[in-house]
Amino acid sequence: MVEEVVVFGVWVSPYSRRVETALRLKGVPYKYIEEDLGNKSPLLLKYNPIHEKVPVLVHNGNPIAESLVILEYIDETCPQGFPILPKDPYERATARFGSKFIDDKCMPAITQACWGEGEASDKAVEEATELLMFMENELKENRFFGGERIGMVDIAANIVGFWLGTFEQVTGVELMTRDKFPNLTNWSIEFVRNNVIKENLPPREEMISYLRKKRSAR
Amino acid sequence: MANSSCSDIKVLGAWPSPFVMRVRIALNIKSVKYEFLEETHSSKSQLLLQSNPVYKKIPVLIHGGKPICESLIIVQYIDEVWSSGPSILPSDPYDRAIERFWAAYVDDKIFPSMKLLNTAQGEEKTALVEQVTEGLVLLEEAFQKSSKGKAFFGGDRIGFLDIAFGSMLGWLRAIEKMGGVKLLDEAKTPGLVQWAESLCGDGAVEGIIPDTEKLVEFAKILVKMKGH
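Chains B and F, in that order, are what the protein sequence lines are. So the first sequence is residues 1 to 218, counted in full-length UniProt numbering. So the second sequence is residues 1 to 228, counted in full-length UniProt numbering.
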């Protein structure tokens, strides 16, 4: 059977970039469809009727939504390729915990800290700093969260590795400074330098332009 | 692994928590004995704070001294460690993805609405009832697809999504009673009504989901404590 893999995403989204990164790590060819979130395609609505969001992976006509669910699916359907999750159950639990922590706690706090206003934003800066400290201490002096090679947590942490820097530049909010977060700072440099990761990041200047436009449109 | 002593495996939890119920059901499926350490509602133990410094929440599974947190992550860990026992997640990757998707849906959409419904009044309450009901109708569709005519989401035996959603049944019924509302309905969610009965009768679930009355009493105490 010819394998057909389609990814619905948007170029600015860290979530859809996660899926593309995983597919590239596994060497899986795929077709990419850029969605316009202001005018969602009938196909997207058909494949993700529950959340109507990107990313969606469609494998031989079967859709899967939610980026972390998709990452596990990709890892399980290509067990011989580059490992996204480790083999050991305890390490897998740790990786799942770290990824979920990024989505449930870090993402909202970073977003509110950088893009929120007034007291809510100040509080979020405090919270985001605390959360980043958990990550800093978890990483220690390892090259990646996955150890010597990138893994699920590194892929999930793309917002910290790339997007956070662009948010900071556009909004002037400073979260991840080198003196507070030496491990995370070193990691983020390694992260964006990684061959597969860098192929799957939006061009930095275009991302910054996009964020500036969004900011002034508010 | 089959010969781990009971003290090797601890569950930090509390009897009313649906998230803790998930872990206990999973351990029961695998016939794993464990020590249950009950946390009190008013204060968190040192062990809990040490084992889950990030969230400071139950459940925590402590296995050979190592803590694992977040109920669905713990259930998957249990499935992977005690792999010779009955499987909790299905074997097919697509089926696994679908169950993970819906389990996340229960946590991200259904449970938060249920929680709010508990203390809502008037218009807000009506809106929340609709929200929860809509979510349950979606789960009904998922159930019809997943079960393929069998008793559970997982087929003949209870699986990941049965655990994830089944653990909510106690509170679902308590909220129905307290609010005088019907959430699981023969008309809208017939499959789930049957499923709920089968689930509560399952050996692995026996004794885990508290009686509706007990939960209603507990909810009243909680409300008094919070001074609502």
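Derived by calculation from the structure, the hints in this document are not laboratory data. All figures in this text were calculated on a predicted structure; none of them were measured in a lab. Any given hint might turn out to be false.
[What the hints assert, rightly or not] In silico lysine-lysine, DSSO-like type, Cα no more than 27 Å apart, as pairs:
hint: 1; chain 1: B; residue 1: K87; chain 2: F; residue 2: K10
hint: 2; chain 1: B; residue 1: K26; chain 2: B; residue 2: K123
hint: 3; chain 1: F; residue 1: K66; chain 2: B; residue 2: K105
Hints versus structure:
{"no.": "1", "hint": "B:K87 x F:K10", "in the structure": "23 Å, holds"}
{"no.": "2", "hint": "B:K26 x B:K123", "in the structure": "40 Å, violated"}
{"no.": "3", "hint": "F:K66 x B:K105", "in the structure": "23 Å, holds"}
Comparing the model with each numbered hint stated earlier shows that hint 2 is the single one that does not hold.
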